[in-house]
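*Asks:* Residues per chain are reported as follows:
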Amino acid sequence: AQTVTQSQPEMSVQEAETVTLSCTYDTSESNYYLFWYKQPPSRQMILVIRQEAYKQQNATENRFSVNFQKAAKSFSLKISDSQLGDTAMYFCAFYSNTGNQFYFGTGTSLTVIP
Amino acid sequence: KAGVTQTPRYLIKTRGQQVTLSCSPISGHRSVSWYQQTPGQGLQFLFEYFSETQRNKGNFPGRFSGRQFSNSRSEMNVSTLELGDSALYLCASGPLAGLNNEQFFGPGTRLTVL
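Protein chains in written order, with our numbering: chain Z, 1 to 114; chain S, 115 to 228.
Everything labelled a hint here was simulated from the structure, so no lab data went into it.
For every residue, glycine included, the Cβ atom is placed at its ideal position computed from N, Cα and C.
Be aware that one or more of the hints could be misleading.
Partner residues aside, some chain Z positions facing chain S, computed with beta carbon under 7 Å [to be verified]:
{"hint": "1", "residue": "GLN44"}
{"hint": "2", "residue": "MET45"}
{"hint": "3", "residue": "LEU47"}
{"hint": "4", "residue": "TYR54"}
{"hint": "5", "residue": "PHE64"}
{"hint": "6", "residue": "ASN67"}
{"hint": "7", "residue": "PHE68"}
{"hint": "8", "residue": "TYR95"}
{"hint": "9", "residue": "ASN100"}
Chain Z side only, calculated, beta carbon under 8 Å to chain S, not exhaustive [to be verified]:
{"hint": "10", "residue": "TYR25"}
{"hint": "11", "residue": "THR27"}
{"hint": "12", "residue": "ARG50"}
{"hint": "13", "residue": "THR98"}
{"hint": "14", "residue": "PHE104"}
Take these sequences, add in the hints, and give me the full structure.
*Replies:* Printed below as a string of structure tokens:
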């Protein structure tokens, strides 16, 4: 079975600074998809960024970017120019067509400090 | 467009009872997936439906079942409730089949089993 590990249960960052959230995963598949989802307090979960494993180029969405290291099975999320609205629980997730299962990490609670 | 809606938002049941949760996807979305979120186990995938057919299923006992109707609305049923079933149940919808695509989450149904 695939596993997704987020080793940082809690993190904090000063407003306007940059923070990196870590995620590692374990799989024997070669083609899969990785995601970062954000769950703000008492609000719905939303997709932050999506990466297809066969694409070497790191995905970017405005202030959010990933560092995808396929050989190391690492998928970290970098948030630049942190804003108060970035305060949320961040979940790393994995999906492969072969396994047809969707796996979440345990989450990282990020607090942006004004 | 209205987002994913889930009813009821809160539910209290006793052990041994059964419960049915409802999810209405975003208009035009035909894929619906369900997740269980607990403090101990985190976020776990339950199942995915597309065009009234179950495409994927997570590792949950047979007490957990679901279905999807022709209008894409989905229901999840849990029979013979156990204390450990207390959780936030999240529903997500997507325009395409497959969990490799972006999923749009609802606010969840908070189930408490006494």
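*Asks:* Compare the structure with each hint and give your call.
*Replies:* Comparing the hints with the structure gives:
no.	hint	result
1	GLN44	holds (5 Å)
2	MET45	holds (4 Å)
3	LEU47	holds (5 Å)
4	TYR54	violated (12 Å)
5	PHE64	violated (14 Å)
6	ASN67	violated (21 Å)
7	PHE68	violated (15 Å)
8	TYR95	holds (5 Å)
9	ASN100	holds (4 Å)
10	TYR25	violated (14 Å)
11	THR27	violated (14 Å)
12	ARG50	holds (7 Å)
13	THR98	violated (11 Å)
14	PHE104	holds (4 Å)
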